[in-house]
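S.K.: Sequence:
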Amino acid sequence: MLLQLNIQNFAIVRSLDIDWQSGMTTITGETGAGKSIAIDALGLCLGDRATTNVVRPGSKKAELAATFETQKNICAQQWLAQHDLSIESTTECILRRVISAEGRSKAFINGSQVPLVQLKEIGQLLINIHGQHDHQLIIKASQQCKLVDEYADHKPLIDEVKYYYQKWHKLSKELTLLQQNKQQREAQRQLIQYQVSELDEFALEQNEFQSLESDYKRHTNAQDLLDTTLQSVQLLAEDERYNVLELLRQCNDNINSLAKVDDRLNNVASILNDAHIQLEEANTDLKDYYQALELDPQAYSLIEERYSTALQLAKKHSLPPENLVTFHQELKQELTSISGDDSRINAIIDEISKTHQSYQDAASILSSSRFEAAQALSQLITSSMQELNMPHGQFNIAIDQKHYDGDSNSESTVMNMSANGLDKIDFQVSLNPGQILEAMNKVASGGELSRISLAMQVILADKVVTPTLIFDEVDVGISGPTAAMVGKKLQQLAKNTQVICVTHLPQVACKGHQQLFVSKLTDGEHTETKVTELSEQSRIQEIARLLAGDKISANSLANAEELLAS
549 MLLQLNIQNF AIVRSLDIDW QSGMTTITGE TGAGKSIAID ALGLCLGDRA TTNVVRPGSK
609 KAELAATFET QKNICAQQWL AQHDLSIEST TECILRRVIS AEGRSKAFIN GSQVPLVQLK
669 EIGQLLINIH GQHDHQLIIK ASQQCKLVDE YADHKPLIDE VKYYYQKWHK LSKELTLLQQ
729 NKQQREAQRQ LIQYQVSELD EFALEQNEFQ SLESDYKRHT NAQDLLDTTL QSVQLLAEDE
789 RYNVLELLRQ CNDNINSLAK VDDRLNNVAS ILNDAHIQLE EANTDLKDYY QALELDPQAY
849 SLIEERYSTA LQLAKKHSLP PENLVTFHQE LKQELTSISG DDSRINAIID EISKTHQSYQ
909 DAASILSSSR FEAAQALSQL ITSSMQELNM PHGQFNIAID QKHYDGDSNS ESTVMNMSAN
969 GLDKIDFQVS LNPGQILEAM NKVASGGELS RISLAMQVIL ADKVVTPTLI FDEVDVGISG
1029 PTAAMVGKKL QQLAKNTQVI CVTHLPQVAC KGHQQLFVSK LTDGEHTETK VTELSEQSRI
1089 QEIARLLAGD KISANSLANA EELLAS
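In the numbering used here, the protein residues as written are 549 to 1114.
Just so you know, the hints here were simulated from the structure itself, not pulled from any lab data.
There may be inaccurate statements among the hints.
[What the hints assert, rightly or not] Below 30 angstroms or equal to it, Euclidean Cα-Cα: the simulated DSSO-like pairs (lysine-lysine) are:
no.	residue 1	residue 2
1	LYS609	LYS654
2	LYS620	LYS608
3	LYS654	LYS1068
4	LYS703	LYS715
5	LYS608	LYS1068
6	LYS668	LYS608
7	LYS1068	LYS721
Kindly produce the complete structure, drawing on both the sequences and the hints.
M.R.: What follows is the structure, encoded as structure tokens:
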């Protein structure tokens, strides 16, 4: 529950501390005094958007702090613990907001600075605020559905419907994209199929091009290789008049003879001997190479043709010839992927059908639950309307349940589906005997809408788990016996929940366990709002003022005492 609200330099408030009690607190005051200023300040503590005009003129910043007791609020305690924002020594939670005159804002939870979104998250677990314009929302179809779902606690069912809807929507987009690209992909598939077939027919193997290139060069230069090799063999050993090996043998013999005379030539003799041996080996290898060389025109023709084809294919695909094999494999993979589109389309169609059926099942369960909740809520609101001075009032929640036409991709099915289910909800009322039920906004006046809205809010407030409920002038347009019944209902609600109500009705104000009075003071230059907790005697005066206006009489005081006593 809310324990304390501290306001510094906010709007026309200089400094204000409000201690709140359990049960029901009513806030009254003169017109224009700023009865809702505490609610506005609380809204900022709960993450509402701040503007520069919220800072009191002449001040650098506004500071707002709200203190809550969370001892019985398990959800709030778990949220604080999950975000490491708990205070070990206490179960209190302090929400603080600092807003500069330039419009900059800082948010704090238990002294730690946090993003504004976290104020909103924790705020939803601490307070539920009902505003004076809520009756304008209940004529909207989306709000009507939301109210029914809040009453029936449909969040788990809606989450399931939403899951299948989003899955169906994602699959449908993928299917549409595949189908749109199918013609283009088919042309691409035919091209790649031709390229793959061409490369399959050529069947170049890994590293084959390098071997082809080597063979091609050898066969192209075969005659030159034969002639030059033969000439080299003759120079080395086979020329009768002049060959390298014979000359080197003679030189080697000469040096060996000299080395016997002068051992300083031993090293030279050794080198010449080694050179002779190596040249003999070279000569032998060169002879073998020469004898192995063949001039085979048929083999050369085959090599030349294959080598030339490889070069042409490489040029055709704008890549180095040595990359042809890799390119071939990539084309095969792409062809497999494209060829799999049809099977993917069929798989998606099947999956869409199954997902849509799951959506239908979940939406059907949600619809059935909404129908049951609508019947119960209609009866409760009808009873409350009759208690709120609409004796012949009848309320009905009509649900139009859309149905699946059998085709998960048909236009009608797509139009019917939504993340919120298949139901169209319409609030209908009848206010006079014999009057048929019609849409609420066509039949009810503004005052009647306010009473119907209040009846809903009181009923739904009893379903929420937030420990504090705030009603900000929701009783606008209500008076007399109706006002007394409103006060009674709010007081009943306060037995289990902290209720704070900003009101101008004495019948409501008198039901509070605590009453705060808002006044506005001015010295001609500055204006300031103050909030005072009223004593029992002061409450009599304030209730009398609400009953009679500024001219308080003995009768109005007696009426005020009677109201408070009741």
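S.K.: Any of the earlier hints contradicted here, and which numbers?
M.R.: Numbers 2, 7 - these are the hints that the structure violates, sorted from lowest upward.
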